[in-house]
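Chains as they are written, first to last, in the numbering used here: chain A, 44 to 154; chain B, 65 to 176.
Everything labelled a hint here was simulated from the structure, so no lab data went into it.
Errors might be hidden in some of the hints.
Anything over 10 Å on all C-beta distances counts as not near chain B; from chain A, calculated [claimed, not checked]:
| no. | residue |
| --- | --- |
| 1 | P51 |
| 2 | A53 |
| 3 | E88 |
| 4 | G97 |
| 5 | K100 |
| 6 | K102 |
| 7 | P123 |
| 8 | D125 |
| 9 | Q135 |
| 10 | S153 |
Sample of chain A residues facing chain B (criterion: CB under 7 Å; computed from the structure) [stated by the list, open to error]:
| no. | residue |
| --- | --- |
| 11 | R74 |
| 12 | K85 |
| 13 | G86 |
| 14 | F89 |
| 15 | K111 |
| 16 | P134 |
Only pairs whose alpha carbons sit at most 27 Å apart, straight line, appear in this in silico BS3-like list of lysine-lysine [unchecked claim]:
| no. | chain 1 | residue 1 | chain 2 | residue 2 |
| --- | --- | --- | --- | --- |
| 17 | A | K111 | A | K85 |
| 18 | B | K135 | A | K146 |
| 19 | B | K135 | A | K106 |
| 20 | B | K134 | A | K146 |
| 21 | A | K106 | B | K67 |
| 22 | A | K85 | B | K82 |
Cβ coordinates follow ideal geometry from the N, Cα and C atoms, glycine included.
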Amino acid sequence: EDQVTQSPEALRLQEGESSSLNCSYTVSGLRGLFWYRQDPGKGPEFLFTLYSAGEEKEKERLKATLTKKESFLHITAPKPEDSATYLCAVPQSQAGTALIFGKGTTLSVSS
Amino acid sequence: DVKVTQSSRYLVKRTGEKVFLECVQDMDHENMFWYRQDPGLGLRLIYFSYDVKMKEKGDIPEGYSVSREKKERFSLILESASTNQTSMYLCASSLRFRETQYFGPGTRLLVL
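Hey, can you work out the whole structure from these sequences and the hints?
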């Protein structure tokens, strides 16, 4: 069964304290992995797409990496404005069109 | 920039009312999606559409219907709203299957 699991569910950091969020998946024939950021009461905002193991993408303090079984979202020297829920998603492995979303990691960064 | 808009940010309806949620995208995307998001359950797909007048059920279609008469517009209909349909409703669109989905701002629906 296709599945996406994110850990931890919640993460509290001090400003400047770097850390990583994990997204592990079980789908056959990965066709991309997507990272989103969601602020409270708003729709998810697209961050990155990764397609192959070893690929990395960066945006400001965020760097996403991909292996054959998981992806990491590394946050370097976070600021309070990085506080949000981070979601990852992968396409279904069968012929379906849907993305399967993890339940997200809620990040809180305090100053 | 891709823009997906939703007709309302907040809605309050009574049990049994018919509810229309509308979504519009301006990027000529083929595919459009409706999700609901609930605490602890994450995003769940209700319906999607891959072309005008075409629709497919997602994981939780019961109690909902959809309409896509124009490529840019995708409507979610609650035929008879119930309290268990209180939720955040999110619309998304993508150019092709399995590609990046772009989300609207969401509609928070409260059914009393």
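(request) Hints the structure violates: just list their numbers, smallest first. (result) The structure breaks hints 3, 9, 15, 17, 18, 19, 20; every other hint is satisfied.
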